[in-house]
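Student: Letter by letter, the chains look like this.
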Amino acid sequence: MAGHAEEKLLNLTLRVWRQKDRADKGRFETYKEEARGISTDMSFLEMLDVVNERLIKSGREPIAFDNDCREGICGQCGVVIDGAPHGPRRATTTCQLHMRSFTDGAELTVEPWRAAAFPVVKDLIVDRGAFDRVVAAGGFVSVNTGNAPEANGLPVPKQDSDLAMDAAACIGCGACVAACPNASAMLFVSAKAQHLNLLPQGQPERDSRSLAMLDQAQAEGFGSCTLHAECEAACPKEISIKFIARTNRDYARAAARKPR
Amino acid sequence: MELNSKVPSGPLAEKWTRHKFDMKLVNPANKRKYKVIVVGSGLAGASAAASLAELGYQVSCFCFQDSPRRAHSIAAQGGINAAKNYPNDGDSVQRLFYDTIKGGDYRSREANVYRLAEVSVNIIDQCVAQGVPFAREYGGLLANRSFGGAQVSRTFYARGQTGQQLLLGAYQALERQIGLGKVRMHVRHEMQQLVVIDGKARGIVVRDLETGAVESHAADAVVLATGGYGTVFHLATCAKGTNGTAIWRAYKKGAAFANPCYTQIHPTCIPVTGDHQSKLTLMSESLRNDGRVWVPKRRGDDRPPNQIPRDERDYYLERKYPAFGNLAARDVTSRAAKEVCDEGRGVGASGRGVYLDFADAIGRLGENAIRERYGNLFDMYERITDENPYKTPMRIYPASHYTMGGLWVDYNLMSTVEGLFVLGEANFSDHGANRLGASALMQGLADGYFVAPYTIGDYFGAVRTFEKAETDRPEFKAAEAEVAERTKRLLGIQGDRTPDDFHRELGHVMWDLCGMSRNEEGLKKALAQLPELRREFWRGVRVPGTGAELNQSLEKAGRVADLIELGELLCLDALERRESCGAHFREEFQTPDHEARRDDERFCHVAAWEYKGEDSPPVRHVEPLNFENAHLQTRSYK
Numbered sequence: 023m024a025g026h027a028e029e030k031l032l033n034l035t036l037r038v039w040r041q042k043d044r045a046d047k048g049r050f051e052t053y054k055e056e057a058r059g060i061s062t063d064m065s066f067l068e069m070l071d072v073v074n075e076r077l078i079k080s081g082r083e084p085i086a087f088d089n090d091c092r093e094g095i096c097g098q099c100g101v102v103i104d105g106a107p108h109g110p111r112r113a114t115t116t117c118q119l120h121m122r123s124f125t126d127g128a129e130l131t132v133e134p135w136r137a138a139a140f141p142v143v144k145d146l147i148v149d150r151g152a153f154d155r156v157v158a159a160g161g162f163v164s165v166n167t168g169n170a171p172e173a174n175g176l177p178v179p180k181q182d183s184d185l186a187m188d189a190a191a192c193i194g195c196g197a198c199v200a201a202c203p204n205a206s207a208m209l210f211v212s213a214k215a216q217h218l219n220l221l222p223q224g225q226p227e228r229d230s231r232s233l234a235m236l237d238q239a240q241a242e243g244f245g246s247c248t249l250h251a252e253c254e255a256a257c258p259k260e261i262s263i264k265f266i267a268r269t270n271r272d273y274a275r276a277a278a279r280k281p282r
Numbered sequence: 002m003e004l005n006s007k008v009p010s011g012p013l014a015e016k017w018t019r020h021k022f023d024m025k026l027v028n029p030a031n032k033r034k035y036k037v038i039v040v041g042s043g044l045a046g047a048s049a050a051a052s053l054a055e056l057g058y059q060v061s062c063f064c065f066q067d068s069p070r071r072a073h074s075i076a077a078q079g080g081i082n083a084a085k086n087y088p089n090d091g092d093s094v095q096r097l098f099y100d101t102i103k104g105g106d107y108r109s110r111e112a113n114v115y116r117l118a119e120v121s122v123n124i125i126d127q128c129v130a131q132g133v134p135f136a137r138e139y140g141g142l143l144a145n146r147s148f149g150g151a152q153v154s155r156t157f158y159a160r161g162q163t164g165q166q167l168l169l170g171a172y173q174a175l176e177r178q179i180g181l182g183k184v185r186m187h188v189r190h191e192m193q194q195l196v197v198i199d200g201k202a203r204g205i206v207v208r209d210l211e212t213g214a215v216e217s218h219a220a221d222a223v224v225l226a227t228g229g230y231g232t233v234f235h236l237a238t239c240a241k242g243t244n245g246t247a248i249w250r251a252y253k254k255g256a257a258f259a260n261p262c263y264t265q266i267h268p269t270c271i272p273v274t275g276d277h278q279s280k281l282t283l284m285s286e287s288l289r290n291d292g293r294v295w296v297p298k299r300r301g302d303d304r305p306p307n308q309i310p311r312d313e314r315d316y317y318l319e320r321k322y323p324a325f326g327n328l329a330a331r332d333v334t335s336r337a338a339k340e341v342c343d344e345g346r347g348v349g350a351s352g353r354g355v356y357l358d359f360a361d362a363i364g365r366l367g368e369n370a371i372r373e374r375y376g377n378l379f380d381m382y383e384r385i386t387d388e389n390p391y392k393t394p395m396r397i398y399p400a401s402h403y404t405m406g407g408l409w410v411d412y413n414l415m416s417t418v419e420g421l422f423v424l425g426e427a428n429f430s431d432h433g434a435n436r437l438g439a440s441a442l443m444q445g446l447a448d449g450y451f452v453a454p455y456t457i458g459d460y461f462g463a464v465r466t467f468e469k470a471e472t473d474r475p476e477f478k479a480a481e482a483e484v485a486e487r488t489k490r491l492l493g494i495q496g497d498r499t500p501d502d503f504h505r506e507l508g509h510v511m512w513d514l515c516g517m518s519r520n521e522e523g524l525k526k527a528l529a530q531l532p533e534l535r536r537e538f539w540r541g542v543r544v545p546g547t548g549a550e551l552n553q554s555l556e557k558a559g560r561v562a563d564l565i566e567l568g569e570l571l572c573l574d575a576l577e578r579r580e581s582c583g584a585h586f587r588e589e590f591q592t593p594d595h596e597a598r599r600d601d602e603r604f605c606h607v608a609a610w611e612y613k614g615e616d617s618p619p620v621r622h623v624e625p626l627n628f629e630n631a632h633l634q635t636r637s638y639k
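Chains A and B, in that order, are what the protein sequence lines are. Quick note: the first sequence uses this note's numbering, first residue 23, plus one each step. Quick note: the second sequence uses this note's numbering, first residue 2, plus one each step.
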């Protein structure tokens, strides 16, 4: 088939972070026998499935990892592979990363997202509840069901709508936080805030939203943004850091206008 | 068991309006006294939880994922239908109603479908007000496109991520209520049991998936919005966590299960590559707007697609269905693909695939126009297959995608258990024997935003006084004990096969014997194999670890055990429905040119199954379907 690399089998060595629960200190464990004969057609998570089947059959505990849709949209999966959130391939979630991105004999280090605001729950699973609380603080338009005016009553310039959609494409996976040396959530918060701040529907609450979301992110223990831009490079949806600039401006404007 | 659809009287177009007027109201001061449990946080669950909380009810919402935003509604790509008629191409509520009835092959309830079409316009208004960034035209107004099974452009979309954007709208509304303290959200919790007290649904027992703790939650009404059971086929476009557990447990507590055999096989998915495959990925059906489906005319023609001359290609959909061409309904398109592959004309290494070719559209519109429309889908395809679809045609094959069957509900979306409401894909109500593209999102949001918030209020208003249900009641304790016992049993078997291994075997049986086409012999074979598989599961499954921790094998084992049982009911329903309709294709019942042959004399009804206990077969009940407005016709896409 034109352009299709032939299926090959890889023998890998995996160093995987194992941690029993939130209280456990955790450690790396190495798997070699279990990671032999891995097809290049598998996704990274299918490779972990195979390793887990082998672990279960030999009476050991499988590696816990989060995943659900396995088509790159739910944002539930994500591990750090050799220091890179979601692995080496650009614009790709872990579930969409295929083993053809790796070479035979490779030794891979697999870890959970590392950030104080994302405590490890077990093995490669972290608690990203902080993201939900940031949204609950202001990431919405306050419109009750039934309140809505006719949809075409308010035209939205296509370029504004497209830009809002660029921000709204965020899947909330947390790779931006894992990639940031400060463990800042600024790319996530900005994507969520700008999706709404860029639209006319989002204007009435633009100030309160910007203040509330950023303040909540700080309260959750995410670090400050110092524009390393590692987040943009790691983002599987290629969300641009230009949204961070807009959010900083919105925050400053809102703070200045806030009644004292 | 009585199946009273409670469809209001009066002309079709006035039923819902009249019904809303006739409903009992709950005054604002009393609303906060009622508790509602919502299980599931997809489009139907999140929109219902948010809307009920906005009205003032106390709401608790549960999902098994780590955030309500992950629910699988998020993966819907193509769009959402609404009868706005913005393109001025002749659409109307009446036409959307009619298309949905026809698409469902005259096996859905008229009144429900009409209401769905009616509220479809409100959904778009609501979503736009929430800030859903639908595609727009240069003038700033909303854009529409056409979609499989329809001749008008009534589909609203947000690039190839419509489900994501609609779910984020509902999720944001839900998070707002969580922030206001009106909804208590329980993530990483899975429903294990429904608690029925004095004939009414009064709560659930859940397992905290992080700690393993078994907890009871009491309420005055329970809403299940837990999606479909497409993973009964193992390989499906569903998320890995998609399962039938909540509806299956409710079925065992008295909720009738309607039309389980109506399962939709989506025509455009990426074909299977090997045994390691964990799921199948959908390529949005919107691709059929510009892609042309073909296979070589000659069997065994293994030349690369670009070297097969045009006159040696069979554009079989255009040939067989000239009026709809590549846009024929999903079930018709899926079966046509199976047919050409069965003839040995399939493409790709496995021979189970057909081409979806964009060369003509790229020639006509340019690569950029195609990239603008489908860029993210093309990228996804390339990532998975390592082939560039701008240069070489995509290979696609049908896969399990959606289940029209589900718990039986009346016009108020209440099941046969009083106080148990079922929304979205989890119920059976609106799509008959086949769902049209871009209609699942519409139904999920219609149920959650615009139907259940009214009908649940009516239920509270009519029942009025609820004895307070406390979780220390014996019914809760008994349910907790059942859950603990089952966990203990699963952990104690220590056999030699993994839960995934059983799931794969279940999938093979279901796909081979009860998949895109079915026959009596195969179904009887499946009905012999599945009980054996169930026994083998309870003898041979291996679940490591304990119940008092995060244990993904235990979660899987519980879900697979339920899916095996559900698969059996599915096959039984398929066997008893001795006709072909929509997605249910019985080989014995087809026209000379291989189209589905309905039997309106004997099967113009809903089949709803009642659970009769472990040792007795379930009982099949019937709700007749009356068509007063859409007249029964043979569905044709020619």
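These are computed hints drawn from the structure, not numbers from a lab. One or more of the hints may lead you astray.
Quick list of in silico lysine to aspartate or glutamate cross-link-like pairs, EDC-like style, CA-CA up to 20 Å [unchecked claim]:
{"id": "1", "chain 1": "A", "residue 1": "42", "chain 2": "B", "residue 2": "556"}
{"id": "2", "chain 1": "B", "residue 1": "469", "chain 2": "B", "residue 2": "211"}
{"id": "3", "chain 1": "B", "residue 1": "613", "chain 2": "B", "residue 2": "126"}
{"id": "4", "chain 1": "A", "residue 1": "42", "chain 2": "B", "residue 2": "312"}
{"id": "5", "chain 1": "B", "residue 1": "254", "chain 2": "B", "residue 2": "476"}
{"id": "6", "chain 1": "A", "residue 1": "30", "chain 2": "A", "residue 2": "51"}
{"id": "7", "chain 1": "A", "residue 1": "30", "chain 2": "B", "residue 2": "23"}
{"id": "8", "chain 1": "B", "residue 1": "478", "chain 2": "B", "residue 2": "497"}
{"id": "9", "chain 1": "B", "residue 1": "21", "chain 2": "B", "residue 2": "90"}
{"id": "10", "chain 1": "A", "residue 1": "180", "chain 2": "B", "residue 2": "23"}
{"id": "11", "chain 1": "A", "residue 1": "30", "chain 2": "B", "residue 2": "497"}
{"id": "12", "chain 1": "A", "residue 1": "79", "chain 2": "B", "residue 2": "506"}
{"id": "13", "chain 1": "A", "residue 1": "47", "chain 2": "B", "residue 2": "211"}
{"id": "14", "chain 1": "A", "residue 1": "79", "chain 2": "B", "residue 2": "497"}
Simulated coverage check for chain A against chain B, where a stretch passes if three residues somewhere in it have a Cβ under 8 Å from a Cβ of chain B [stated by the list, open to error]:
{"id": "15", "region": "128–142"}
{"id": "16", "region": "147–153"}
{"id": "17", "region": "187–194"}
{"id": "18", "region": "201–210"}
What the simulated footprint calls covered on chain B by chain A, stretch by stretch (three residues with Cβ under 8 Å from a Cβ of chain A suffice, anywhere in the stretch; the number is not a length) [unchecked claim]:
{"id": "19", "region": "46–54"}
{"id": "20", "region": "132–145"}
{"id": "21", "region": "412–422"}
{"id": "22", "region": "517–528"}
Source: prediction; values computed, not measured. Ideal placement from N, C-alpha and C gives every residue a C-beta, glycine not left out.
Student: Next step is simple, just say for each hint if it's right about the structure.
Tutor: Results for each hint:
no., hint, verdict
1, A:42 with B:556, "17 Å, holds"
2, B:469 with B:211, "29 Å, violated"
3, B:613 with B:126, "45 Å, violated"
4, A:42 with B:312, "62 Å, violated"
5, B:254 with B:476, "12 Å, holds"
6, A:30 with A:51, "26 Å, violated"
7, A:30 with B:23, "67 Å, violated"
8, B:478 with B:497, "33 Å, violated"
9, B:21 with B:90, "31 Å, violated"
10, A:180 with B:23, "43 Å, violated"
11, A:30 with B:497, "29 Å, violated"
12, A:79 with B:506, "17 Å, holds"
13, A:47 with B:211, "17 Å, holds"
14, A:79 with B:497, "7 Å, holds"
15, 128–142, "violated (count 0)"
16, 147–153, "holds (count 5)"
17, 187–194, "holds (count 5)"
18, 201–210, "violated (count 0)"
19, 46–54, "holds (count 3)"
20, 132–145, "holds (count 11)"
21, 412–422, "violated (count 0)"
22, 517–528, "violated (count 0)"
Checked against the numbered hints listed earlier, the structure breaks hints 2, 3, 4, 6, 7, 8, 9, 10, 11, 15, 18, 21 and 22; every other hint is satisfied.
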